[in-house]
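Chemist: Residues per chain, in single letters:
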Amino acid sequence: MLVSWRYRERNTFIQNLDPRARWIFMFATLFAAIQFWDLRFLLFFFALSLVYYLLARLAWQETRRVWVFVIVLVVVIIGINTVLTGRGGPMAVLRDTRHTVWEARWTVPVVGWVIRPNITVEKLVFAVAQITRMLTVALLFIPVAYTLNPNHYGVTFRRLGLPDKAAFSMDLAFRFVPTLARDFGITLDAQRARGYEVEKLSGGLIAQIRKMAPLIVPVTINAIVGAEDIVNAMDLRCFGLRPRTWLHELKYRPRDYALIVFSALILLASVFVRLRWGIGEFWVPDWVLRWFGY
Amino acid sequence: MERKKWYTFGTREVVFAALGAALYGVLSYLTNMLALPAAGNLAFRPAVCIPMFFGVAFGPLVGFISGFLGNIIGDFLSGWGFWFWWDLGNGIMGLIPGFAYLFIKDFRSPRSLIIADVLSVLGVIVGMLLASLSEIFVSGIDFRTAIVGYFVPAALTNIINGIILVPILMIAYDAIVARTGR
Chain B
1 MLVSWRYRER NTFIQNLDPR ARWIFMFATL FAAIQFWDLR FLLFFFALSL VYYLLARLAW
61 QETRRVWVFV IVLVVVIIGI NTVLTGRGGP MAVLRDTRHT VWEARWTVPV VGWVIRPNIT
121 VEKLVFAVAQ ITRMLTVALL FIPVAYTLNP NHYGVTFRRL GLPDKAAFSM DLAFRFVPTL
181 ARDFGITLDA QRARGYEVEK LSGGLIAQIR KMAPLIVPVT INAIVGAEDI VNAMDLRCFG
241 LRPRTWLHEL KYRPRDYALI VFSALILLAS VFVRLRWGIG EFWVPDWVLR WFGY
Chain R
1 MERKKWYTFG TREVVFAALG AALYGVLSYL TNMLALPAAG NLAFRPAVCI PMFFGVAFGP
61 LVGFISGFLG NIIGDFLSGW GFWFWWDLGN GIMGLIPGFA YLFIKDFRSP RSLIIADVLS
121 VLGVIVGMLL ASLSEIFVSG IDFRTAIVGY FVPAALTNII NGIILVPILM IAYDAIVART
181 GR
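Quick note, the sequences are listed as chains B and R, same order. The numbering of the first sequence is the working numbering, which starts it at 1 and goes up by one. The numbering of the second sequence is the working numbering, which starts it at 1 and goes up by one.
Bound conformation, chain R alone (with noise of 0.2 Å):
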């Protein structure tokens, strides 16, 4: 069997990144539209487990693409402009989780689903404490607001919406993989 190397970027990789991106931005329009009573005024975004989601399946980069360009895509589609720190945060969230891509084979196995779970929470907890921290520079806030401001509430709803959803999206993936033998 080919070693997995997390660089690779081939024609498999240039189409999942661009459907993850796509996936992405839809579902978090989408979804931010239907009505989710007790959210209260966090931003609910299931939609964060795809970036997560094709890192673990498809590898670092793949993930990166899939949360940067994906953001972009959402928001572009909301009419919010580009903001390219938390951009490139949601890249991040997608970024650290591909590196399960390289110790997964068994995409049911209860390691393989703690592996893409803990390197999810890690993913969220860089990504968004970046992009957090750019409104320091970018707006101007201090440290106490990027954190209890934007950072909690941002980390807490993705680490929920990751470690819930990506498991569920492993095991449907590995029906496919069964299937397709890739």
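So here's chain B without its partners, still in its complex pose (with noise of 0.2 Å):
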């Protein structure tokens, strides 16, 4: 069975920045940009994570499931939740009636519960924020999958910190993918040999969960008893007693240190605008109140 990994190399400016640089970046916009309700700001960051994006240079055809997903979500998160209820908004999104767009009124039958449904203004403009805040976030983080070399994860949080054998751990994990990805396909065709259709299961959930374990559980088990030799093998060569060194090497340049430095100052700025000048709340902007006839 093919698993391949979206990873290819690409030449761009964005894949020839260290990998350490780029998560500080990406943290860095997020921490900042979800401190914010006000449009304005809401806009920095998502200009910001869209040159990001496109420095990425990701074909529409990689990334147009991904980003169907996201489209869905946010829509309907936006369109039924924040736009008709105002859900998740300060109280000025949640209680102001006085610019309303459109109101209806309905009685529940039987009950004779009366509900009014209505858009105002105010949780018009949320919408446009809360879709704005949640884009910045996938622009941001669904170039990773594509532009950041799986050989390169382990000695990146080595270097980010981690400990040795946690980094360890991570790069051996994404050693072992190709080769478990082959034994599931070989499990998945011994199994269709002898009558076990997948594509066919039939029952309610519980039923269907439990025809999975002919699948789950051969490659699970197979798989452990294959790690015990990596585990003995390993100890016979004394893993884990003196610090390791890494087959690739990471080196900042200056561009890093440049990127590192202008995510530092995004942060601290947005920290600072938000705590010591207390802005960046809930804005509705004058020109649309105008456009609404308010």
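One should not assume that every hint holds.
Said to hold, decoys possible - Straight-line alpha carbon distances no greater than 27 Å define the calculated DSSO-like cross-link-like pairs of lysine-lysine that follow: (1) Lys-5/R to Lys-165/B; (2) Lys-165/B to Lys-4/R; (3) Lys-165/B to Lys-251/B; (4) Lys-5/R to Lys-105/R; (5) Lys-4/R to Lys-105/R.
Said to hold, decoys possible - FRET-style restraints, in silico, Cβ to Cβ: (6) Arg-144/R to Val-75/B: 16 to 26 Å; (7) Val-225/B to Arg-3/R: 20 to 30 Å; (8) Ile-80/B to Arg-179/R: 47 to 57 Å.
Just so you know, these hints were derived from the structure itself, not from any lab. Here a beta-carbon is modelled for each residue, glycine too, at the ideal position from N, C-alpha and C.
Since each chain comes alone in its own frame, lean on the hints to assemble the complex.
Modeler: Here's what the structure looks like:
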């Protein structure tokens, strides 16, 4: 069974950056962006993430499925949840009914309860802010799978401060993937030869889960048996007694330092703006109110 | 017999954490590709039993890394990107059942199976609750949406998968333990 990493060499600006600098940038931008509900600030972070995403030069064909999922999620959450109920928003969004755009009145039969769903200008602006924030996070993190070399994860996280053993575990995990995918394919073929039809699993949810056992159990148990040999081989080579070296070494270049400084500045500035000046709360532009006749 | 410690992380744990992570990543990716009717719009992921089982068999740290890293690998194989809080939630789904490792001597006994199942359910509840609630400050959704829209579907399917498949894996693993003496 073919399992391939989404990663491939693209020789782009983003891929030529040190992976540690990229992680620092992504987390700094994430923690900066989630402090704000003011659309002006969120648009800044959205633009920053969009530039980062475009620099990764991902083709639409390879990311289409992910974007369809993200957009459906955003539309459902925003469409049903935010625009109609304003949930997740501050009190100005939840309670303010002065700027109503649409309102309906519906009486529930039998019990006679009156329901008044409404859409206000505040809810609409909040929905836009929420969409912007969700897309900012998606733009930041979707390129990771496509542009970070899986062979560099171990050394990246070791150099970011993770202990040797945890980083090596990470490195080893990425190496196991193709072997385990092949074993899964062999097991699936073997079970099919015995009449097992995974595409036609019948019964309820519980019955279907139980029927997955002939696939999951042999792959897992075989892998555990094989891993015992790896443990013995590593023990014989005295694994873990001294700090280890890594096949791939990472080296910061001036542009990586520039990105790290830029990330730190963004995070510090956003914390300062929010905590010191109290700027960044939910904001409704005057022109939007005027546009709706208020 | 050597007393088990939850924080042990030697060569054995390094290898099995990596194996658990790779298995979870690959199986969640491949089983997601297979057609599974009647699962509705729920995220049906039988592979969630892997971090729980690796926790039960090799300790909480192995369970945590299997879940945390395995979710990253599965997302990377599918191209979903990196979602830290959901990775952390998956890690906790392996961490909490991992404390069963301290009490289990015989993987076949009903007592062991019940302990593993109870802790697996607890792990799912804590892990998925944390991941769902994280969406409140990451995506800006409200508490009710986090619970109804994220937590309930994720936790429900993971609990069903865990309580069925973890005992099956434990019984199969018992044969290996008997054979290798580990």
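Chemist: Now, for every hint given, state plainly whether the structure supports it.
Modeler: These are the hints, each one checked on the structure:
1. Lys-5/R to Lys-165/B: holds, 17 Å
2. Lys-165/B to Lys-4/R: Holds. Lys-165/B to Lys-4/R sits at ~19 Å (cutoff 27 Å).
3. Lys-165/B to Lys-251/B: holds, 21 Å
4. Lys-5/R to Lys-105/R: holds, 13 Å
5. Lys-4/R to Lys-105/R: holds, 10 Å
6. Arg-144/R to Val-75/B: 16 to 26 Å: holds, 19 Å
7. Val-225/B to Arg-3/R: 20 to 30 Å: For Val-225/B and Arg-3/R the Cβ distance comes to about 26 Å; the hint holds.
8. Ile-80/B to Arg-179/R: 47 to 57 Å: At roughly 54 Å between Cβ atoms, Arg-179/R and Ile-80/B fall inside 47 to 57 Å, so the hint holds.
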